[in-house]
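**Q** This is what each chain is made of:
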Amino acid sequence: MANILRIGWLFPNTLNLHGDRGNILAIKAEGLRRGYSVEVHQITLDTLDFDPMNYDFLFCAPGEIVHFKEIVRFLTPHKNALSTFIETRPLLVTGTSIAIFGKLMHRCEDYSFSGLGLLNVDCVENKTVYGDDLYFTCCYNDKEMEIIGCQIQMMNLEILEETPFGLLKYGYGNTGKTTQEGVIKGQGIFTNTLGPVLICNPWLTEEIVNLIEHNKGMHPDAIKRDNTLEENSFKTKLNLIKTKETALTNTALSEQ
Amino acid sequence: MKFYFALWYAKILGLAINLVSKDRGTNLPGEKALKIDPDFVKNFKNIDYSKVLFVTGTNGKSTTTNLIDHILKENGKKIITNIQGANLLGGIASILAKEASMTGKLNADYYIFETDERYLPLIYAQLPAKNMIITNLQKDQVQRNGDPDFIYRKLAGFIHPGMRLFLNNEEPRSKSLEHITEDCIYYGVDKHDESFVKGSDYPTLACPKCHHDIQFNYFNTDNVGPFHCVNCDYASEKSSDYQITDINFNEKTFKRKEVPFDMPYDLPFMFYNYAGALAVCQEVCDIAPVAAAKSFANFKNIGGRFEILKYKGKTIKYMRIKQENPDTLQSALNIMASDPEEKMVALGLYVVEDFVPHYANTFYAFDCDFQPLVNAKVERYLCFSEHVSYDTANRLLYEGVSKDDITIMDSDDILQIFAEIDKATTDNIYLITWLATFDKMKKFIEGGQN
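Respectively, the protein sequence lines represent chains A and B.
Everything in the first sequence is counted per the UniProt record's numbering, starting at 1 for the first residue and increasing by one.
Everything in the second sequence is counted per the UniProt record's numbering, starting at 1 for the first residue and increasing by one.
Chain A with its partners taken away, still in its complex shape (with noise of 0.2 angstroms):
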């Protein structure tokens, strides 16, 4: 089976905001462009056979909020599956997800639900949206790289004694009061960044794809990926975050 990579798809109809399916095509096509074969299973709500264990990678697109807590009672039987697998493996979810895999959601109705608890992160609901650009540093099997992506920003996130994933150039990040972006956790990659940031940033796809062949004794791939497109999109969307008009005062782009 090593030739294979298997990728699970974690609730795509019941988690979908925005086109987080390109995170999917992206790990598809690096897998498919270093000669394996590629399956993607999709896990749902009715999933009876569901066992982290069996596959390389795993990802959870944002979703509404209303239907976090009938996932939670889902995932609740495979938590330790989970803690395990992201031990080792990727693991990739996006936006108000991550709270599916914190301590405590806490709505803007003046109730709370437990999420998973895989992360001791508090989330709470916000009252008005908050859309922007995100831009940060981080560091994923031991390569460094820079982020771009979008955010849109329903909740805070309380990371209290977790690592963060990155350090903000750019955004609002976690709280828009810090420089914090999402979290990492072991090989979990938690973060605000929404759509297909896997397709965006190729840098971060191909040190998935890394660790999915060390996972599996493959020596990773030597021949590199042409990124010339990403770079520039790269390049022209950072030009943009730099002399644009904003409120935010956590980062101060100018000065770095």
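To be clear, the hints were calculated from the coordinates, so they are not data collected in a lab.
Keep in mind that the hints are not guaranteed to be accurate.
Stated by the list, open to error - No more than 25 angstroms apart at the CA atoms, straight line, and that leaves these computed lysine to any residue pairs for SDA-like:
(1) A:Lys28 - B:Ile406
(2) B:Lys209 - A:Asp110
(3) A:Lys235 - B:Leu397
(4) B:Lys322 - A:Lys224
(5) B:Lys209 - A:Phe113
(6) B:Lys312 - B:Ile414
(7) B:Lys154 - A:Lys235
(8) A:Lys224 - B:Ser21
(9) A:Lys242 - A:Gly176
(10) A:Lys235 - B:Pro38
(11) A:Lys235 - B:Trp434
(12) B:Lys154 - A:Val129
(13) B:Lys322 - A:Glu245
(14) A:Lys244 - B:Gly14
(15) A:Lys127 - A:Thr178
(16) A:Lys69 - B:Ala235
(17) A:Lys28 - B:Tyr398
(18) A:Lys127 - B:Pro38
(19) A:Lys127 - B:Gln323
(20) A:Lys235 - B:Lys209
(21) B:Lys257 - B:Asp241
(22) A:Lys244 - B:Thr437
(23) A:Lys69 - B:Thr407
(24) A:Lys242 - B:Met409
(25) B:Lys322 - B:Arg118
(26) A:Lys244 - B:Glu386
Every value quoted in this text rests on a predicted model; they were computed, and no experiment measured them.
Using the hints provided, position chain B relative to the given structure of chain A.
**A** Then chain B, alone, in the frame of chain A:
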């Protein structure tokens, strides 16, 4: 007394604005009046709330309002409406002030208001309409609205059992508001030649009742079609109260219960607007489909999303999409894909500039299925627009388009866009961009560059 001051001030301001532009929809007189009297709208006299209709939803509000307005006027009804598009409380206050007597008395058969779904609770608090048609609740303007549930909760917060709802039978999210009132009238559309399916890797949505997966049998327009939940009994009705049938694209006709209609626009997403308007006209205004049918032949949609330009012997077909809205982009893609002729596609998705901060969001393109377009004889793609052209091109690359077939232009310079159009061997050009760039191109052509 403050109501009268507010009313007279709004009337004077409205007259002044009218001197500048007769067709201009505006919130300003109403906003000023609401500052003087916060309950301004509530204080108008002689409104029968059973004759008031709100038209709301993500897509299709304006077209539905325009069509209802047209049918009612053609049938001799006196109506007050905001078809010029000022759909916030201030806009409705403005139109009521304009139409009222100096003492705030109104005199109309019906009141038809397009209403912004986000601000509807504020409007309803002052104008408790008995009737509301919801076109659909989809992903839209995420920087303002976050997710569709954000809007759903706003609507569910004020809808009550005394209201009558007109619901799209084939849109799962808005249809589920049926649990609040028993007075629901459903409208829908039969399968037609441009109904389509998407691959299983295109997600649908969660069941609003049990959170499991919604499956569609097919789509009549993006994310709208007969559906069912895989877990509970939630599903579209087998047939709706107002069902559009026998859709014929060649003859541009359709039927509703054997009554034939001319189809003013053969655009699939508008079929639901037709069905909804017929439901409202019959149930609220007592205009039977036979009488309504006569109005369809001469219906002209105000502010429609399609325009055609002639340029150096080429036809440029402009399709305006809504930012951050995959459904309008998918509709545009489907229209291009249904054209069997060779074509050039100029795709200018753009930075979202609704308010500060602007941001480079094109991720909604990954919700859309480009494959039918890719298979539809596209000679060349032009991906233009500052800051997002590379991402747009990347969306095409992930659909299998060759790099060699794409020109990337990190700019909105219309001279460069026209230069690329000049290079095309086909005369059939499709253009998607924002209105500002299109207007510049239109003026350029009208200025004799033809």
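**Q** Each hint: holds or not?
**A** Comparing the hints with the structure gives:
1. Annotation: proposed proximity of A:Lys28 to B:Ile406 holds, straight-line Cα distance about 23 angstroms (limit 25 angstroms).
2. Distance restraint check for B:Lys209 and A:Asp110: the Cα-Cα separation of roughly 22 angstroms lies within the 25 angstroms cut-off, and the hinted pair is therefore satisfied.
3. A distance of roughly 19 angstroms separates the Cα atoms of A:Lys235 and B:Leu397; the hinted pair therefore holds under the 25 angstroms criterion.
4. A threshold of 25 angstroms between alpha carbons decides the hint, and for B:Lys322 with A:Lys224 the separation of about 38 angstroms lies outside it, so the pair is violated.
5. Annotation: proposed proximity of B:Lys209 to A:Phe113 holds, straight-line Cα distance about 19 angstroms (limit 25 angstroms).
6. Restraint check for B:Lys312 and B:Ile414: the C-alpha separation of about 15 angstroms stays at or below 25 angstroms, so the hint holds.
7. At most 25 angstroms may separate the alpha-carbon atoms for a hinted pair to count; B:Lys154 and A:Lys235 exceed this at roughly 39 angstroms.
8. Distance restraint check for A:Lys224 and B:Ser21: the Cα-Cα separation of roughly 60 angstroms exceeds the 25 angstroms cut-off, and the hinted pair is therefore not satisfied.
9. With a CA separation close to 18 angstroms, the supplied pair A:Lys242 and A:Gly176 stays within the 25 angstroms bound.
10. With a C-alpha separation of about 49 angstroms, the suggested pairing of A:Lys235 with B:Pro38 is violated against the 25 angstroms cut-off.
11. The suggested pairing of A:Lys235 with B:Trp434 holds, with an alpha-carbon distance near 23 angstroms, which does not exceed 25 angstroms.
12. The hinted pair formed by B:Lys154 and A:Val129 meets the criterion: a straight-line CA distance of about 14 angstroms does not exceed 25 angstroms.
13. The suggested pairing of B:Lys322 with A:Glu245 holds, with an alpha-carbon distance near 23 angstroms, which does not exceed 25 angstroms.
14. Taking the CA atoms of A:Lys244 and B:Gly14, the gap is near 36 angstroms; set against the 25 angstroms cutoff, the hint is violated.
15. Using a Cα cut-off of 25 angstroms, the hinted pair A:Lys127 and A:Thr178 holds, with the two alpha carbons roughly 19 angstroms apart.
16. This hinted pair checks out: A:Lys69 and B:Ala235 have alpha carbons roughly 23 angstroms apart, not beyond 25 angstroms.
17. Of the supplied pair hints, the one linking A:Lys28 and B:Tyr398 holds, its CA atoms being roughly 11 angstroms apart against a limit of 25 angstroms.
18. As the CA atoms of A:Lys127 and B:Pro38 are separated by approximately 23 angstroms, the hinted pair is consistent with the 25 angstroms bound.
19. Distance restraint check for A:Lys127 and B:Gln323: the Cα-Cα separation of roughly 23 angstroms lies within the 25 angstroms cut-off, and the hinted pair is therefore satisfied.
20. Between A:Lys235 and B:Lys209 the CA atoms are separated by roughly 44 angstroms; this puts the pair beyond 25 angstroms, and the hint is violated.
21. Among the hinted pairs, B:Lys257 with B:Asp241 is consistent with the structure: their alpha-carbon atoms are about 10 angstroms apart, no more than 25 angstroms.
22. The hinted pair formed by A:Lys244 and B:Thr437 meets the criterion: a straight-line CA distance of about 20 angstroms does not exceed 25 angstroms.
23. With a C-alpha separation of about 46 angstroms, the suggested pair A:Lys69 and B:Thr407 falls outside the 25 angstroms cut-off, and the hint is violated.
24. The suggested pairing of A:Lys242 with B:Met409 holds, with an alpha-carbon distance near 20 angstroms, which does not exceed 25 angstroms.
25. At roughly 16 angstroms between alpha-carbon atoms, B:Lys322 and B:Arg118 fall within 25 angstroms of each other, so this suggested pair holds.
26. Distance check on the hinted pair: A:Lys244 and B:Glu386 sit about 13 angstroms apart at the alpha-carbon level, within 25 angstroms; holds.
When held up to the earlier numbered hints, the structure conflicts with 4, 7, 8, 10, 14, 20, 23 and fits the remainder.
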